[in-house]
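Line by line, the protein sequences give chains A and B.
First residue of the first sequence? That's 1 in this note's numbering, and the numbers climb one at a time after it.
First residue of the second sequence? That's 1 in this note's numbering, and the numbers climb one at a time after it.
Derived by calculation from the structure, the hints in this document are not laboratory data.
For clarity, every value in this text was computed on a predicted model and none was experimentally measured.
Glycine is no exception: its CB is placed at the ideal position from the N, C-alpha and C atoms.
Any given hint could be a false lead.
As the list claims (entries may be wrong) - Straight-line distance between alpha carbons at most 27 Å, and here's what the computed DSS-like set of lysine-lysine pairs gives:
no., chain 1, residue 1, chain 2, residue 2
1, A, Lys-392, B, Lys-22
2, A, Lys-193, A, Lys-172
3, A, Lys-392, B, Lys-15
4, B, Lys-15, A, Lys-319
5, B, Lys-24, A, Lys-392
Said to hold, decoys possible - Which stretches of chain B does chain A cover? Using the computed rule of at least three CB atoms under 8 Å from a CB of chain A, they are:
no., stretch
6, 9-17
7, 50-56
8, 72-83
9, 122-133
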Amino acid sequence: MLKFPIYLDHNATTPCDPRVVEAMIPYFTNNFGNAASRNHPFGWQAEEAVDYAREQVAKLIGADPKEIIFTSGATEADNLAIKGVFEMYASKGNHIITCNIEHKAVLDTCKHIEKEGGEVTYLKVNPEGLIDMKELEAAIKPTTILIAIMYANNEIGTVMPMKEISALAKKKGILVFSDATQAVGKIPVDVNKDGIDLMAFTAHKMYGPKGVGALYVRRKNPRVKVTAQIDGGGHERGMRSGTLNVPGIVGFGKACEICMSEMGEETKKISALRDKLENALTKIEESYVNGSKQYRLPHVTNISFKYVEGEGLLMGFNKDIAVSSGSACTSASLEPSYVLKALGLGDDLAHSSLRFGLGRFTTEDQIDYTIEAVTKTVSKLREMSPLWEMYKEGIDMNSIEWAHH
Amino acid sequence: MAYSDKVLGHYQNPKNVGTLDKSKQNVGTGLVGAPECGDVMRLQIEVDENGLIKDAKFKTFGCGSAIASSSLATEWLKGKTVDEAVKIDNMEIVEELHLPPVKIHCSVLAEDAIKAAVNDYRKKNGLPELKFEESVVH
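Construct the entire structure; sequences and hints are all you get.
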């Protein structure tokens, strides 16, 4: 039996795996100690649990446990990495290179850096959602201290060429930071093979709890330092003060361990379901996949259904199916997704997009139901779309003088 | 954000979806909004010899509130005179559908569509076009 609503928004967040919750529970009650309490068994127990989790987390990304700084999530890790490097390496330069489809946690932090007197270059992406290596190379200046490029995009799932980026950065002596929130736990990420110096990621995107994330900070070749953004008791090697979220960290560790051991099988299953969904939905006339299909996370597909508005489309089935739309009809700005616009999509196509994010617990029945519901709603809404009628009558919509508002 | 039952009702069972023959002299067509803005409404009225709106149809590309606003507008238009039609205020639509503040622009668009349809009808019938104050909320 199908249970409703069906959750296909795993890029927003994931449910906690029951095994994760089970691992966490004792650390709320019996083992509630502060990991920084050095003088009694409560503290020792908590510290031991954190150390173990730190190993689990480090292992998933091929790092040393000492290179993991626990934070409240990826947004904090993004802030710590960018602001921390900007302040720590101020004597070397003030220029940061990023790209225009980064998450707001990176883009807005870069805006902050600009206000502080830093210089930021925002690379454009091609229609596939990938940066151009030549443009990256051309953007490098003597003052460049950091290249901040996301591992995988949250809206379209595009995976960036991290190895090429880091090879270039290494040649030029520039640090590489990657917001890998969407990638870690979903595809193999190895900070050494990928040549990454700093990397942000979070538990709740990989079946762990919300409110806990990490920043990887390289300790060897080169040894990287960041200026703390939260001052206090000197936790996390002085880079992030604040009492550790022990249950959260334990859950994060367990979530990483599960991802590590099950990624191979899981990816096969999820990508087969994703492909089934995508193939069926792109059979609908005038529907298009956004972003690269070749360099992409296995569990995402972002599709535009032309002449139908995304939020209106969602309304047809959002009681039963949870997905997200690139249309921002509810936001005050009424601006559609900046990521889709950066791919060169017209606003009309950007308004017409849906993002489907599959996950560990997605079933084939759910996908079959979704295919039917989306297909039906698209056709119903096109029947009432003046644009669809114009398209069918062969009217050139660019020839119409629209009343822009 | 949850939709009101009235918005849901119009979305699930929209009233008066369709197309009238725009070449007829007694049919007025209003096309407002823009694809780039995420909503386009086309509203049409058919006027009888007494100046009464005997039929109204719409097609809308937009969110649920835009669809509901235009569906409601066509219901209200039927039986009104063209002069009464232009008196429909967007805030009446907002109240009837319980639209939240971020969706007020949908009702404004419906009001604009009505005015555009009436003016198209007037133009076709040798009447001067009505001037409206620029809508404030967009």
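These are the hints, each one checked on the structure:
Between Lys-392 of chain A and Lys-22 of chain B, the direct Cα distance comes to roughly 17 Å. Compliance with the 27 Å bound is thereby established for this hinted pair. For the hint linking Lys-193 of chain A to Lys-172 of chain A, the alpha-carbon distance of about 18 Å falls within 27 Å, and the restraint holds. Taking the CA atoms of Lys-392 of chain A and Lys-15 of chain B, the gap is about 22 Å. The hint holds against a cut of 27 Å. Between the alpha carbons of Lys-15 of chain B and Lys-319 of chain A the distance comes to roughly 22 Å, so the proposed pair stays at or under 27 Å and holds.
Taken as a hint, the Lys-24 of chain B and Lys-392 of chain A pair is honoured in the structure, with Cα atoms around 21 Å apart against an allowance of 27 Å. Counting residues of the stretch 9-17 of chain B whose beta carbon lies closer than 8 Å to any beta carbon of chain A gives 3, which reaches the threshold of three, so the coverage claim holds. Judged by the Cβ-Cβ criterion of 8 Å, the stretch 50-56 of chain B is not covered by chain A as claimed, because only 0 of its residues qualify and three are needed. Against chain A, the stretch 72-83 of chain B contributes 0 residues with a C-beta closer than 8 Å to a partner C-beta. That does not satisfy the three-residue criterion, and the hint is violated.
With a cut-off of 8 Å between beta carbons, the stretch 122-133 of chain B has 0 residues touching chain A; three or more are needed, and the interface restraint is violated.
When each numbered hint is compared with the structure, violations occur for hints 7, 8, 9.
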